[in-house]
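Quick mapping for you: the protein sequence lines, in order, are chains A and B. Remember, the working numbering sits 3 above the position in the first sequence when you count from 1. Position 51 (the second sequence) corresponds to 37 in the working numbering; numbering is contiguous.
Misleading hints may appear alongside valid ones.
Stated by the list, open to error - Simulated crosslink set (DSS-like; lysine-lysine; CA at most 30 Å straight-line):
id : chain 1 : residue 1 : chain 2 : residue 2
1  : B       : 90        : A       : 215
2  : A       : 263       : A       : 282
3  : B       : 206       : A       : 218
Honestly, the hints are just simulated from the structure, not real lab data.
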Amino acid sequence: MNEQHQTLWQFMSGQSDKLLSQTLQHVGLTFISLLLAIAIGLPLGILIARKRKLSGTVLGIAGVLQTVPSIALLGFMIPVLGIGAKPAIVALLIYALLPIIRNTYTGIIGIDQHVKEAARAMGMSKSQILLKVELPLAMPVILAGVRTATVINVGVATLASFIAAGGLGEFIFGGISLNNTNMILAGAIPAALLAIILDALLSLIQKMDFKKLRKALYIFPVVILVLGGFYALPTAYGSTLTAGFTPEFMGRQDGDLGLKSTYGLKIHTIVISDAVMYKAAFSKELDVISGYSTDGRLKAFDLKILNDDKHIFPPYYAAPIVRDDALKKFPELEKTLNLLSGKITDSIMTDLNYKTDYLHQQPERVAKDFLISNGLYKAPKNGHNGTVKIGSKIFGEQYILAEMYSMLIKGNTDYDVATKTGLGGTKICFDALTNDQIDFYPEYTGTGLLVLLQPDPKIAKEMAHDKEKTFNYVSAEFEKKFKIKWLKPIGFNNSYALMMRQKQSKELDVNSITDLKNYLDKN
Amino acid sequence: MIELKGISKKFGDTLAVNQVSFKVAEKETLVLLGTSGCGKTTTLKMINRLIEPDEGQIFINGENITGQDPDVLRKGIGYVMQNIGLFPHYTIAENIALVPKLLKWDKERIKNRTQELIQKLHLPESTLAMYPHELSGGQQQRVGLARALVTDPSVLLMDEPFGALDNVTRTSIQKEFKALEELKRKTIVMVTHDVQEAFELADRICLMDKGEVVQIGTPKELLYQPVNDFARKFLAGQRLALEFKVVNIQDIWPYLPKEIIQDGESYFADLSVWEAMELLRSNNRSELLISGNNKENKAINFEQLTKGFNQYQNAQVHE
């Protein structure tokens, strides 16, 4: 997976089966939710066109629902509907609802009053007027609403991959995590094309005259149904256990690819964001997940790490990485950041993470408590000697580390601090660092090696399991290539790990990844 | 036969129609005449229950319509409106076939009846496959009439049927309508604000103002026996033209020259003075041969005609 040597086309043809199934899932998600949105929105639109007093309330609610950010909406769905297709479809449906209700309403009330009066005067019943006069005449406006909803859905459906519902978001967000531009484009280009093509097709239908429209309207629901049906196809996959892996894990040599090549593991896999993965494992929706070894939720949800007996997960020792010119600009920075070096072991980190992730303590408080109990905390001086910009990735541990560094810098130096926490993924964090948006952030040796440097697989394999070798190699290469310095490691090793529920692991007698493979082969 | 008994309708606080009563005889055309806002359209729409009256009763052919299913009632009443209200998404053929389809006529019957109507209404057969927007205003109004007539209802309601047409088209379509055999068999209530049109088409006129009936009578009665100032002033502006139209040759027969014996093409004496003048002018002839009710023949020229009319007028005023 060395992207320099691979064109986008090669990537796409190499991953064509994945691309096809993701595209089909994407189309399926879009149209199932669209169909449901029409099934709900159309009658609602008709209702409020009849009882106009309700229109303010209904349009208001649909409008408010649409302003909920898509990620948040997906988040709200999880406690109620779990992960996978159901919450994704409901979230998409909610987004599609407003344009459909509003356009049905506008379309019907916009019909020439005289035509309606003529229909009544000729003795058509209310339902006949609705079916033969109002809906056909409002159809161009209703179709415009469907068109808007479709384009919105194609866009929002990329986020469905966060909750294991598949779609082209798997490539897009996997690519962002993996610093793989080809992978991002392999998801983004088809998604954009999909939006453009569907928009063009619907605009054609919308512009048809009544004669053609009438025929098209018979075909339209059939097409939606068929396209919606795509979603059902790729899920047929037989295996007794279900794994949930993050998009990043899916594309990594030291992730799913390694599991397949080194262990020969064959397991039904769905792609899911790590924000919901642990909970899904706890609630038995998933059996195996790709977690992090220091994650607090390991403790919270009573999960067990499977022994990596063939050593595919390289060490991930955390250390701050700083741009050289930032070190020059802030001479006291290195000394200050090194105060934390060697202070946090695996178990301490897991415990700190547990406090934020599960006990919901603020990262700031957890950081302060830790520094105080280790005698490192000093009251902040009023920094006026320049501002250090700290970055962090978008998970708990990084927030805690960023807080600790912030307090150390404020307490020990005259620098002020600005934090840019929650940068989504390695690529975004690293690009922020090289482009002077941040001065440093905590990175992991394994990530530096496999994601950022991406050396020849042989070199990678050779040193991947040796902590010292890896650290020395990334230190030297980063200095040479990027003018970025790796400071001393903080102490803990947050490596990838496969996890299962303690109880299930005991029942199945699965303690290592090889055990898991053997179990799956037998069943 | 249509009968309204003490019909009233309020919109909010405004009394739109106040205690309106009238009868329309079988095959009679009654025109509701008045300025906009006088309640004439509201009155009309209460006859097919597009608007429900607050007070009073309406009978059609002796049956109280309040007890009937409005959809069934409306299928039995033709309705023609100013804005025509053709369905823009239906072809002309489909527009005409609308009510027959609701009544579940078979295809053959619908087709035959449609053919018959478009011939009577002088619509080219090619229009049947077209959509309303492809037709001229006059053609659209003919289709609107065909749609109302297709099931041959005994009652026809017309709301400003020619209101949307230009003057030239209006005059020619009015004439066609008047000549249409189908319309002569129907009990018609028509609404208009156009005095000329009312006089052209009405058997009787019901003049309305502020929701109330001012006067009901034949055009001649309205002209020569107005009940009050309002009625008189309402017609004042176009009085002369109306009189030419209302008065026919038979009326002024005594004031015309003596009978002559002459053969040739003759006209009946129910010709209005206006029509006689038109004939004299358009055919560029000096004399018109008229045969009166008592088989007398008279030849008249333009001057004799106007003179006879003036004498008749004077006699009416002094009556």
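Open item on the list: What's the verdict on residue 206/B and residue 218/A, does the C-alpha distance respect the 30 Å limit or exceed it?
Closed with: violated, 57 Å
With the threshold set at 30 Å, check whether the alpha-carbon distance from residue 263/A to residue 282/A stays at or below it. Between residue 263/A and residue 282/A the Cα gap is close to 25 Å, so the pair holds against 30 Å.
*asked:* For a C-alpha distance cap of 30 Å, please report whether residue 90/B and residue 215/A respect it.
replied: holds, 26 Å
The structure shown violates just one earlier hint, number 3.
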